[in-house]
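Trainee: Sequence:
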Amino acid sequence: MIKLMIFDMDGTIIDSDLVLIKTWQELFSLYKNNEKFDENKIAEYSGPPLMYAINDAFKDYEDKEFIRKEYRARTKKYYDTDLSIFPNAKEIIEKLYKNGIILCVLTSKNTEMTDYCLRMFSLREYFKDLVTCDSSCKPKPSGEGINYLKEKYHLNNDEIMMVGDTTYDDLAAKDANVLSVVMTMRYRIGVNEIKDSFKTSSYLDLYEYVSKLNKLN
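The sequence shown begins at 1307 in my numbering and counts up by one.
In short, the hints are calculated from the structure, not lab data.
We put the beta carbon where it would ideally sit given N, CA and C, even for glycine.
Just so you know, not all the hints are guaranteed correct.
[As the list claims (entries may be wrong)] Here are the computed lysine to aspartate or glutamate pairs in the EDC-like style, where the Cα-Cα straight-line distance is at most 20 Å:
no., residue 1, residue 2
1, Lys1401, Glu1514
2, Lys1309, Asp1481
3, Lys1370, Glu1341
4, Lys1370, Glu1397
5, Lys1382, Glu1332
6, Lys1396, Glu1431
7, Lys1365, Glu1332
8, Lys1434, Glu1397
9, Lys1382, Asp1481
10, Lys1365, Glu1341
[Claimed, not checked] Label pairs and their calculated CB-CB ranges:
no., residue 1, residue 2, range
11, Leu1324, Tyr1459, 28 to 36 Å
12, Ser1507, Glu1371, 30 to 38 Å
13, His1460, Lys1375, 35 to 43 Å
14, Glu1418, Lys1458, 31 to 39 Å
15, Ser1442, Asn1339, 34 to 42 Å
16, Ser1507, Gly1406, 43 to 51 Å
17, Asn1340, Glu1514, 41 to 49 Å
18, Pro1355, Tyr1459, 20 to 28 Å
19, Lys1521, Glu1368, 54 to 62 Å
20, Asp1388, Asn1520, 32 to 40 Å
21, Leu1510, Gly1406, 13 to 21 Å
22, Asn1346, Tyr1385, 20 to 28 Å
23, Leu1461, Lys1365, 38 to 46 Å
24, Asp1386, Lys1505, 48 to 56 Å
Given the sequences, and given the hints that come with them, work out the whole structure.
Mentor: Printed below as a string of structure tokens:
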């Protein structure tokens, strides 16, 4: 029986790909002489910590901490105009909560923006814990964040489900030896090659899957 569901944020609960594209385009126009930004890179940059993307996109830029601060400062305006929630996500999250399942977030996003996004779509009340890049846990693909929540709520591996959209989420679940669900609403590098995990592009299918495991109505 699943007692704890741990959700990734970007690409899983919220569709932030357009936000990322516009932020990176702005940074490229300012600090890479309007070099053309490859939008397919979103499939690679969505999932790992922000510094992974910065180190890749700005290999030759010396002050990468400056770029990180610029990214944080410039991205929020796009959240207000270009962020959306995936179909049926709010409805299903609310139903899972009402069925007594503990809901948490495990994300490479910082705490401020994670909280901001959840409140933007009136979801914050459903999530008991936010494990973000500000926590002391190693980032995904490490399972450390999952193990932290497992120990906090005194649960067994077979009572926990990780829900994400990238190989990082799936590897974290497997590192912690918990059930993995991969949401496929957006293309992500390597997801097609994932084995032994439940994959779906629908929150309705996710609920049906959990319902069968927990014998929900």
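Trainee: Of all the hints numbered above, which does this structure not satisfy? Sort the numbers upward.
Mentor: Per hint list: 4, 9, 14, 16, 24 violated.
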